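2 protein chains.
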Amino acid sequence: MAGTDHNKPQLTGGPAIVLVEPQLGENIGTAARAMLNCGLDDLRLVRPRDGWPNPKAVNAASGADSVLGKARLYPDLRAAIADLRHVYAATARDRYMVKRAVIPRLAAAEMRGYLAADEPCGVVFGPERTGLVNDDIALADTVLTVPLNPGFSSLNLAQAVLIVGYEWFIAREEPAAEFLHIGHSRPANKDELVRFFDHFEEALVDSGFIRHPDKRPSLFRNLRNFFQRASPTEQELRTLHGVVTSFMGPRAKPGRDRGESE
Amino acid sequence: MAGTDHNKPQLTGGPAIVLVEPQLGENIGTAARAMLNCGLDDLRLVRPRDGWPNPKAVNAASGADSVLGKARLYPDLRAAIADLRHVYAATARDRYMVKRAVIPRLAAAEMRGYLAADEPCGVVFGPERTGLVNDDIALADTVLTVPLNPGFSSLNLAQAVLIVGYEWFIAREEPAAEFLHIGHSRPANKDELVRFFDHFEEALVDSGFIRHPDKRPSLFRNLRNFFQRASPTEQELRTLHGVVTSFMGPRAKPGRDRGESE
Chain L
140 MAGTDHNKPQ LTGGPAIVLV EPQLGENIGT AARAMLNCGL DDLRLVRPRD GWPNPKAVNA
200 ASGADSVLGK ARLYPDLRAA IADLRHVYAA TARDRYMVKR AVIPRLAAAE MRGYLAADEP
260 CGVVFGPERT GLVNDDIALA DTVLTVPLNP GFSSLNLAQA VLIVGYEWFI AREEPAAEFL
320 HIGHSRPANK DELVRFFDHF EEALVDSGFI RHPDKRPSLF RNLRNFFQRA SPTEQELRTL
380 HGVVTSFMGP RAKPGRDRGE SE
Chain P
140 MAGTDHNKPQ LTGGPAIVLV EPQLGENIGT AARAMLNCGL DDLRLVRPRD GWPNPKAVNA
200 ASGADSVLGK ARLYPDLRAA IADLRHVYAA TARDRYMVKR AVIPRLAAAE MRGYLAADEP
260 CGVVFGPERT GLVNDDIALA DTVLTVPLNP GFSSLNLAQA VLIVGYEWFI AREEPAAEFL
320 HIGHSRPANK DELVRFFDHF EEALVDSGFI RHPDKRPSLF RNLRNFFQRA SPTEQELRTL
380 HGVVTSFMGP RAKPGRDRGE SE
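These protein sequence lines are chains L and P, in that order.
Residues in the first sequence are numbered from 140 upward in steps of one, following our numbering.
Residues in the second sequence are numbered from 140 upward in steps of one, following our numbering.
Because the hints were derived from the structure by calculation, they are not lab data.
Being a predicted model, the structure only gives us computed values, none of them experimental.
Heads up, a few of these hints could be off.
[As the list claims (entries may be wrong)] For the chain P half of the interface with chain L, some residues (derived, Cβ under 10 Å), not all of them: (1) Arg-244; (2) Leu-294; (3) Phe-308; (4) Met-387.
Note that CB positions come from ideal geometry on N, CA and C, so glycine has one too.
Please take these sequences and the hints and turn them into a complete structure.
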């Protein structure tokens, strides 16, 4: 990285920035500007409220049109992060989840290491007023929290993106951390992980393990957070799929059992 | 610093944030919000374009009214920094001055050290579109530049304040650097320094050293930058005043000489 050419953008690719249900086009634009300030250009939008493209985003981007032009639309967070191996969820609040949390400086160093090892990663930001819902946070490996005045810590969307991007940019000259993966497998990506969640959770429902549907969402979130923390490899997920299939295999589903017996 | 009380602001005082000729009230408000995010509350305004107080600033501050309420107005930068001993000038551009420059992370560590030693300090930001003029930069010890994408490095005012404040906030748990001052004097504050500049420059004009008035501004800036770099003590400035007075003392002023001889 030259780092001294003042005539053209030094885009590095860098981590994906995923905005979940952004409300105002202006905020998408100012977030894109903050991204380009920091050499980031992989913008992913999940269900922007006012549709896409959005002329208000262009006006607010102050010249960061290249980022907006490359932005990709997704129907849900799961699709937006399918190709990523490491996902951070930006949130200011403590959600009382059992979940690893880091500050942006550590996240930046980790992401430099991931990308140096060709492991795609990204940071997910929630809607302006409400932030990420717990189900979205459960899809992330790690919570990312900006340490600020505890009594006044609320940042707007572009400012949160800027702090994360700034730390990413400034970490560029530090040596990439080494990440060793043992064995012949590789870390699973999020698509593989969520496919396992689907299989596992469907099996749990079918098995009759969860009798009260009201309890499912929080139980599933807790299980997802647990499996996220283990950072499974692709090989391990295949094994886990086999375990679930094996458990469910020969017997008829409980629901059908009841149906047939009545 | 407790750092864990989520119910009230943890204001630390911290460095002064000086906004020179801010144009839009909104930007003063968002800058105040960024300050409070980072535990800063010493806001100083030099000739805000639309007067003060400004209701648009309050609207944009999103609750950081306490910072706006304490903000102080000044007629010029010199007055705004009179009580400070260490001043940073935030600017993205290279002004071709012989001047020390630092990134926000180093500035934050330095300011933690200064304040731990009871040496007031501050960061000066220029008007939104044009930035600081060279004469204002010449009043600062050090240039502060946010390292960003060289091809797209322009930040808005609140974002620049946020990055500086964020680094200040995050440096809070690092040990304060030690700053040793030798002898019985103390570092001069900016008021003392600028009084010396006035004396010195008046003497230069009176002495006939600068025959072409057009050349004065840049020469004076260069001299100011030179004396800033030396970080004079209060005792040294008194000595320098004496030197200037001694040089100029007994003889009549050249202008008067010419007047009398004609």
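If you check each hint against the structure, which ones fail? Violated hint (a single one): 4; every other hint is consistent with the structure.
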